[in-house]
Amino acid sequence: MAVGIFDSGLGGLTVLEAAQKRLPDVEFLYYADSAHAPYGVRTPEDIFQLTRTAVHDLWNRGCDLVILACNTASAAALRRMQEEGVPPGKRVLGVFVPLIEALTERQWGDNSPPREVEVKNVALFATPATVASRAFQRELAFRAIGVDVEAQACGGVVDAIEEGDLILAEALVRSHVDALKRKMPSPQAAILGCTHYPLMAEAFQDALGPEVTVYSQGDLVAASLADYLQRHPNMLGAGKGGYLTTGKPATVGSRATQFLRRKIEFQAA
899 MAVGIFDSGL GGLTVLEAAQ KRLPDVEFLY YADSAHAPYG VRTPEDIFQL
949 TRTAVHDLWN RGCDLVILAC NTASAAALRR MQEEGVPPGK RVLGVFVPLI
999 EALTERQWGD NSPPREVEVK NVALFATPAT VASRAFQREL AFRAIGVDVE
1049 AQACGGVVDA IEEGDLILAE ALVRSHVDAL KRKMPSPQAA ILGCTHYPLM
1099 AEAFQDALGP EVTVYSQGDL VAASLADYLQ RHPNMLGAGK GGYLTTGKPA
1149 TVGSRATQFL RRKIEFQAA
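Heads up: the sequence shown begins at 899 in the numbering used here, then just goes up one per residue.
In case anyone wonders, no lab produced these hints; they're calculated from the structure. Treat the hints loosely; a few may be bogus.
Quick list of the computed label-pair ranges, beta carbon to beta carbon [as the list claims (entries may be wrong)]:
hint: 1; residue 1: 1008; residue 2: 1032; range: 19 to 25 Å
hint: 2; residue 1: 1065; residue 2: 981; range: 23 to 29 Å
hint: 3; residue 1: 1009; residue 2: 1048; range: 32 to 38 Å
hint: 4; residue 1: 1166; residue 2: 1128; range: 30 to 36 Å
hint: 5; residue 1: 1043; residue 2: 1140; range: 29 to 35 Å
hint: 6; residue 1: 1081; residue 2: 1139; range: 40 to 46 Å
hint: 7; residue 1: 941; residue 2: 1005; range: 41 to 47 Å
hint: 8; residue 1: 982; residue 2: 960; range: 17 to 23 Å
hint: 9; residue 1: 1149; residue 2: 1040; range: 36 to 42 Å
hint: 10; residue 1: 982; residue 2: 1032; range: 28 to 34 Å
hint: 11; residue 1: 1138; residue 2: 951; range: 17 to 23 Å
hint: 12; residue 1: 977; residue 2: 1008; range: 32 to 38 Å
Idealized CB from N, CA, C, for every residue including glycine.
Using the sequences provided together with the hints, build the complete structure.
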């Protein structure tokens, strides 16, 4: 029995690792669309079509539940996929919800009117496509009022991570944080709105300073998934776990091994 986890590349491994620690008895099938990464510079239509193809592949492999461990896909494709109809017995979920639950300290099922929350100034670091979609701000507005969100499109960071150039990635993080601080000098909280970014969490925290609370998605999504599966145990599916990529399996596996510091072997999707 396996749950599908989809990402445009390696970023979703941060969600996968947290989910494996939280749910050691659950199998996960990870799908990296490395041949088309990064998604953050693609058009919404392109992102939708690529995401739809990958999710259907995971469904066909027996993963009844698929997590879009990619903020860009969640922003550009999730709502449209749900509106166009999901096959009976299948589900696809995104990664914004657990972040917003944590930030606003309320459960997603709480449908009371938006209310003021403690955090007033939030920095959002995300891909250009996620920033352009304004999906995070839209979903946050359903739950909270009086929150100023300043978004910073972090061009180049995903590319550097996918290429394994962490020195360049760290330099880009510092540059983007500097640009954000020119617009919002004193954020109270920072959202790492791309699942690649937790791989650079220390760089973000160092550049932002210790007074800023940094939210990344791995543990939050894992906790939300555990709660979901407890309420919907039938969604475990019948698929087998493993690692798939549309890119070159040896190259992707080598970089994944570098990031997670354990041997990861990918198969061709």
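Hint numbers contradicted by this structure: Going through the list in order, the structure violates hints 2, 3, 5, 7, 10 and 12 and respects the others.
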